[in-house]
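Protein chains in written order, with this note's numbering: chain L, 11 to 345; chain A, 11 to 345; chain F, 11 to 345; chain R, 11 to 345.
Check the hints yourself; a few may be wrong.
Chain copies aren't distinguished; within one or between two, either way the pair holds.
As the list claims (entries may be wrong) - Computed cross-link-like contacts, SDA-like style, restricted to lysine to any residue with a CA-CA straight-line distance of at most 25 Å:
| no. | residue 1 | residue 2 |
| --- | --- | --- |
| 1 | Lys46 | Ser280 |
| 2 | Lys46 | Ala306 |
| 3 | Lys310 | Gly41 |
| 4 | Lys24 | Glu91 |
| 5 | Lys46 | Thr300 |
| 6 | Lys340 | Pro38 |
| 7 | Lys46 | Gln276 |
| 8 | Lys24 | Pro38 |
| 9 | Lys340 | Asn54 |
| 10 | Lys170 | Tyr39 |
| 11 | Lys24 | Tyr39 |
| 12 | Lys24 | Ala51 |
Hints were generated in silico from the structure; no laboratory data involved.
4 protein chains.
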Amino acid sequence: MQFLSDNTASVHPKLWDAMRGADAPDAPYDGDAVSKQLDAAFGNLFGRECRVLWVATGTAANCLALSSMVQPHGGVVCHREAHIEMDEGGAPGFYLHGAKLMLAEGEGAKLTPGAIRAVIDPIRDDVHQVQPHAISITQASEYGRSYRPEEIAAIATLAKERGLGLHMDGARFANACAFLGGSAAEAASRSAGEVDALSFGFVKNGGMSAEAIVFFDTALADVAYYRRKRAGHLQSKGRYLAAQLLAMLDGDLWLENARSANNAAQEVASVAADRLIHPVEANEIFLRCTPAERAALRAKNFDFYDWGADAARLVTAWNTPQEHAVALSKAIASL
Amino acid sequence: MQFLSDNTASVHPKLWDAMRGADAPDAPYDGDAVSKQLDAAFGNLFGRECRVLWVATGTAANCLALSSMVQPHGGVVCHREAHIEMDEGGAPGFYLHGAKLMLAEGEGAKLTPGAIRAVIDPIRDDVHQVQPHAISITQASEYGRSYRPEEIAAIATLAKERGLGLHMDGARFANACAFLGGSAAEAASRSAGEVDALSFGFVKNGGMSAEAIVFFDTALADVAYYRRKRAGHLQSKGRYLAAQLLAMLDGDLWLENARSANNAAQEVASVAADRLIHPVEANEIFLRCTPAERAALRAKNFDFYDWGADAARLVTAWNTPQEHAVALSKAIASL
Amino acid sequence: MQFLSDNTASVHPKLWDAMRGADAPDAPYDGDAVSKQLDAAFGNLFGRECRVLWVATGTAANCLALSSMVQPHGGVVCHREAHIEMDEGGAPGFYLHGAKLMLAEGEGAKLTPGAIRAVIDPIRDDVHQVQPHAISITQASEYGRSYRPEEIAAIATLAKERGLGLHMDGARFANACAFLGGSAAEAASRSAGEVDALSFGFVKNGGMSAEAIVFFDTALADVAYYRRKRAGHLQSKGRYLAAQLLAMLDGDLWLENARSANNAAQEVASVAADRLIHPVEANEIFLRCTPAERAALRAKNFDFYDWGADAARLVTAWNTPQEHAVALSKAIASL
Amino acid sequence: MQFLSDNTASVHPKLWDAMRGADAPDAPYDGDAVSKQLDAAFGNLFGRECRVLWVATGTAANCLALSSMVQPHGGVVCHREAHIEMDEGGAPGFYLHGAKLMLAEGEGAKLTPGAIRAVIDPIRDDVHQVQPHAISITQASEYGRSYRPEEIAAIATLAKERGLGLHMDGARFANACAFLGGSAAEAASRSAGEVDALSFGFVKNGGMSAEAIVFFDTALADVAYYRRKRAGHLQSKGRYLAAQLLAMLDGDLWLENARSANNAAQEVASVAADRLIHPVEANEIFLRCTPAERAALRAKNFDFYDWGADAARLVTAWNTPQEHAVALSKAIASL
């Protein structure tokens, strides 16, 4: 039973249908009828104007978004364990032409205004030190923690005061929205409203190959449009990516999928409160777990990653079967 | 009737089946069972060892291949009208970190050893001038011309003499192979055998989102593996790309599709010999054609691009209906 | 007798004095008392506000200036034979992070609005083609031709219309000013007034290691300040560079030196009117000259560069002895 | 009395003489007679073959050296407080095209094999994480600590085992050599012998504008030759830089100057043993010192930098007058 990652889950049937439905030839790149609906569809979801670019990966989404805010001689404040720092193979250095990631601390891989200030306040305002140009936060965080709207607002306020761009890596934005509750649109709108650009992830949530970069500061999209092509990310048959995104928004499928994954995670978490390293606020579970215990779980056919010597990371997906989650719960309870 | 480009054609049904067939979760990125078959499958096709990376676009394929051969302070000799110079939004400058494209002349957008020498021989061997590190040729060329194996061999010999890498942009490599005839594998192997890396295009030939970078100099692949991730082109569900490629190779579907497109182009060309600006050696037709004639064709519902003031470009695709090609032939004949 | 280049001439004695005069310790980088006088001194010369950065080379000056106007995904229109294209070892590709040089034609290596439009008008306004961000002209040109103020104004007008930055490579700006006549400040001011940034060269004019980047669009200097440090061009003992620049401005030494070089060039040109490939409008002479004639000149101890098969380039410097120029004139006359 | 930094000290009179002595025109760039002596002169000093490039700044020296060892997708292990990380305005990101600095801990800003392994061992050997390509150490360190030859040898061994380049930032290499004692050549040779490239600093040691990049792995110099020009650091009158370097080597002036600075530092340190934050192993003194004490020193006309809230950094130079050092000692003793 698969708890390794949500990034290999099957594609949702509605997305297959949507892609097949877009199979007739149309204008290439993003000139097709489907791509043209994205701005409005996401604008409707967030309740405000936005411009939307599809790309195939979260790394491309993050780095293109940041490249619209950060000059080559600037820096990006992010968490020490942020995906852009740890797991993107140096893509920010490439896309930002050598700009610097400035690493901040923070519980649960979340930033706070204080943690950000601890990084940027000591920077001398001279040419010998790289100056920050933007902040990047991750919703939900690398440890599956969700920023509350007021937490984001506080960071956004700091960003504005300091003249910094604000980017949100939302590889699991859907899971955060599902966790935060309220209507999907409200939750999303409130939490994203103050960021300049959001990498809105769909691949981990039942998509095949489409992520959305949502620019709330629409002027930034002008730069990203050119940079996407320059990075080889402007696919000629973009309608198949756009179709995935529209299908995800349609009837809030994205939220339904995320709720499903989150519920499975809560099912597991509910029996393991004393083992949780982080509160489960999305679809990732970090469990204290000895090597022997991990071996026991694997013997029962559960797949997951070790997380250092004494922990395990378990991730649920949109299609994690309820019975797998239940089985995992029982297995953990019986350790 | 659609003769605008092959880059928007529908996806071949066998590829849809292959993608659906790969829908079960597997290892992420290129660790899945399908991706692991690529080296062998392409090795079999070309009759020699090779290493193969999937990417989503031809621009990424070209630039990643070149980035494995060209240092940031070097240059790439290519045709003045090559895709990397004209239509990739500056991607080579990005991927090669500022290396320079060195533009050569050549009929039909094809290079010759003489044309290459005309560019590189005048370069002083000092640090004030950018030194060439590689040559890039396009098979079939921007004007739908196919290099004969001996033409490629002559360029490859020059490249070796000068210590330059040799890259082939094969966005329409299938069409060139189909035109050159012989068995598909032979033709491909003979023409590609001396290049270091080939961008083998499938998207224009019935694919959805998968191109192959085929490294015949397998050491170069080591660099490209890192660079692909760094460029945000390592999709987490890579199995859907690999599945497209395998389905294309299976039963030589790639060649069948290309023959189909080429045949449609020949159908049109056969009636328009006196109008052809370039011999038709793939699936592109460049016709001398007045504005009035173009209007007449469009009035009959044919879609295509103007090519300057007095010409039209018409492109056929794997699924161009025979009756459309016939109808176009008649319409041209009656101009 | 030395007519190879002005770029190896001795340092003017007044500059040695000025550097020695700056020898006492002062604040590092550009915080010293001498550096702080530059904005005002150049502002006084040009009769308008400007911000001035010293750097050690013309290549650094050109590329830092351009990097303040051109984004990595943009391009710079310059002459096909411009120094930035031909002789800077790919520095623009490095400093501009892969931006593209767009090569225009033009007699005497000078651009015209028409030549610039011939390059930029065919560029499709889409993401597939690199868009121009700036124009770079060279005063005096690579062939020693000087732009008249109205020629620059016409280019500046075009630049403004199209939203492009305008950079002037003034490696031999002094020689152009001296040729154009009028008071130095007036001539300079009129010709430089419409450019955004000027690389004002001093090394070829009797300096040791100091060039000035003069920003008339002072906002651009903010970027260049950071980029200079980032490029390793912020010398810690910058006062020795600033001292060179101030000494050059003092009493219009720069103009005196340039006049001296220009006069020597005119001395030579006056006897060789029928051999001149380009009018002599600065301190460079391009002579039609057979190999045998060149050998004859060299036999008389004149050093110079061949310029292709049938020409020679002769360059005079601030300290070319009058008798050398006369001797060369006679030698040419007697060919 | 000046204890702010050694980077603003006057130029040594012998260097003025040497520069004046090189004033006659010679071949441009590094083709002159003086530049051509550098490889042999440094080879003689180090007792082994090397290739030497002059540049104007330590930042350029460090980054050009590293750019010859590190690909854009790689990383450089350095100390968290290394100059390349803290004080070079992001130059490594620029010169290395986005490669990553990987920050290690270590007392006195020195690295150890253990500290390096703590950084590189956890890096997964996959494309998602940046792989190290080189190590950079600083001799003397940012805190004026000198690596002993055996310490360097241990790091060099690790570098070789892991296939990593080894660079030494020797902005104060002379001071380290002077501290380590033995004959200058021996000490330098032993400590530098295992590094691939050394940035050998002279500007802080009585130079004006010349640093040397010394390549012991001479193949690396091939890349750096092109990169120096590409970075705008190939001055046309390079003979004035080469002359400074030769004058420094002549009669071991570099060592004499460094000893002088070190002696002044020891004079001060000798009275302040209980206040020293770091042992004084070069020409920098880090003193525990309250704000009131610092004010008292400044009232006596001593200039220096605060180092955080409770410390001061005092730096001596080649020409720090003995009486200033004595006066400072007394002032500190009387605090």
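Hint numbers not upheld by this structure, sorted from lowest to highest: Failing hints, ascending: 1, 2, 4, 5, 6, 7, 9, 10.
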